[in-house]
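Participant: From first to last, the protein sequence lines stand for chains Z and V.
Mind the numbering: the first sequence is residues 294 to 406 in our numbering, read in order.
Mind the numbering: the second sequence is residues 28 to 140 in our numbering, read in order.
No lab work stands behind these hints: they were computed from the structure.
There could be a bad hint or two in this list.
Result set (DSBU-like, lysine-lysine): computed pairs, CA atoms no more than 35 Å apart in a straight line [claimed, not checked]:
id : chain 1 : residue 1 : chain 2 : residue 2
1  : V       : Lys38     : V       : Lys97
2  : V       : Lys84     : Z       : Lys335
3  : Z       : Lys393    : V       : Lys84
4  : Z       : Lys393    : Z       : Lys335
5  : Z       : Lys393    : V       : Lys97
Under 8 Å between C-beta atoms, here's a sample of chain Z residues computed to sit facing chain V [what the hints assert, rightly or not]:
id : residue
6  : Gly322
7  : Pro337
8  : Leu339
9  : Tyr364
10 : Asn391
11 : Glu392
12 : Gly397
13 : Thr398
14 : Gly399
15 : Thr403
16 : Ile405
As the structure is a prediction and not an experimental result, all values here were calculated from the model.
C-beta atoms are modelled at their ideal positions from N, C-alpha and C, and glycine is treated no differently.
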Amino acid sequence: QKEVEQNSGPLSVPEGAIASLNCTYSDRGSQSFFWYRQYSGKSPELIMFIYSNGDKEDGRFTAQLNKASQYVSLLIRDSQPSDSATYLCAGGPIGFGNEKLTFGTGTRLTIIP
Amino acid sequence: DAGITQSPRYKITETGRQVTLMCHQTWSHSYMFWYRQDLGHGLRLIYYSAAADITDKGEVPDGYVVSRSKTENFPLTLESATRSQTSVYFCASTLTVGNTEAFFGQGTRLTVV
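I would like the entire structure built from these sequences, with the hints used as guidance.
Facilitator: Now the structure itself:
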């Protein structure tokens with residue numbers, strides 16, 4: 294069974310610090326990874342995707358992919374209280390639709406003012 | 028309103044009743060998806076549709092029926108609701124085939140009593 298695993302948290306980080314969220318996956322066929330943010334009671338929204346090994350930066354967010362070790366991470370720099378949410382990691386093979394994506398259970402992040 | 032909308036937002040129904048959750052999108056996206064989200068399981072795919080009149084099963088299709096006679100609508104029917112179908116249901120859409128950003132509706136919280 295293809296699995297994407299995340300620590301459910303809660304992960305508490307002081308405001309202004311770096312929040313580090315991690316995700317591991319079991320299927321070596323997974324080549325594309327997505328990070329969704331979900332506020333309590335709301336729907337998921339995409340914040341980052343990554344296909345290649347290494348780092349990908351977008352503003353305060355950096356996604357990291359290490360295919361050899363089968364992990365994906367999301368770093369949030371200068372954490373703000375508005376970053377408090379659950380972060381979902383999803384992975385799947387390239388060239389297929391989102392029907393092949395497997396979602397993790399999410400990590401709940403709390404930014405402490 | 029532009030976007031993807033679900034109705035109803037909240038629903039309480041009795042065991043054995045038929046329930047239909049509605050999903051409507053205004054973008055003419057090809058792909059549409061139904062997920063359920065439960066604690067400890069993350070997002071699980073129920074059914075998806077690549078285009079009008081084309082639907083296929085996801086990870087957890089038992090007890091559900093879908094149809095897609097028009098591109099913009101993708102209703103999900105619980106034929107005979109069971110307590111195990113108490114969940115939050117999300118409809119989502121993507122523009123094309125291939126791993127790409129999924130846009131989610133606001134969700135429907137369904138309680139089966």
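Participant: Look at each hint and say if it fits the structure.
Facilitator: Evaluation of the provided hints:
Proposed proximity of V/Lys38 and V/Lys97 is supported: the alpha carbons are some 24 Å apart, at most 35 Å. Proximity of V/Lys84 to Z/Lys335 is assessed by CA-CA distance (about 25 Å); at most 35 Å being required, the pair is judged to hold. Proximity of Z/Lys393 to V/Lys84 is assessed by CA-CA distance (about 11 Å); at most 35 Å being required, the pair is judged to hold. A C-alpha spacing of about 23 Å is found between Z/Lys393 and Z/Lys335, which places the hinted pair at or below 35 Å, so the restraint holds.
Of the pairs offered as hints, the one joining Z/Lys393 and V/Lys97 holds, with about 23 Å between alpha carbons and a cut-off of 35 Å not exceeded. Given hint, Z/Gly322 at the interface with chain V, is violated; its Cβ is 13 Å from that chain's nearest Cβ, farther than 8 Å. With 8 Å as the threshold, the beta carbon of Z/Pro337 comes within range of chain V, its nearest partner Cβ sitting at about 5 Å, so the hint holds. Interface restraint check: Z/Leu339 against chain V, minimum CB-CB distance 5 Å, threshold 8 Å, status holds.
A distance limit of 8 Å between C-beta atoms decides the matter here; for Z/Tyr364 the minimum to chain V is near 17 Å, and the interface restraint is violated. Hint status for Z/Asn391 relative to chain V: holds, with the closest Cβ pair at about 5 Å, below 8 Å. Residue-level restraint check for Z/Glu392 holds (minimum Cβ-Cβ distance to chain V is 5 Å; threshold 8 Å). About 6 Å separates the beta-carbon of Z/Gly397 from the nearest beta-carbon of chain V, less than 8 Å, and the hint is met.
For the restraint placing Z/Thr398 at the interface with chain V, the shortest Cβ-Cβ distance is roughly 4 Å, inside the 8 Å limit, so the hint holds. The beta carbon of Z/Gly399 comes within 6 Å of a beta carbon in chain V, closer than 8 Å, and the hint placing it at the interface holds. Violation of the interface hint for Z/Thr403 is found here, the shortest Cβ-Cβ separation to chain V being roughly 17 Å, above the 8 Å cut-off. Because the beta carbon of Z/Ile405 sits about 24 Å from the nearest beta carbon in chain V, more than 8 Å, this interface hint is broken.
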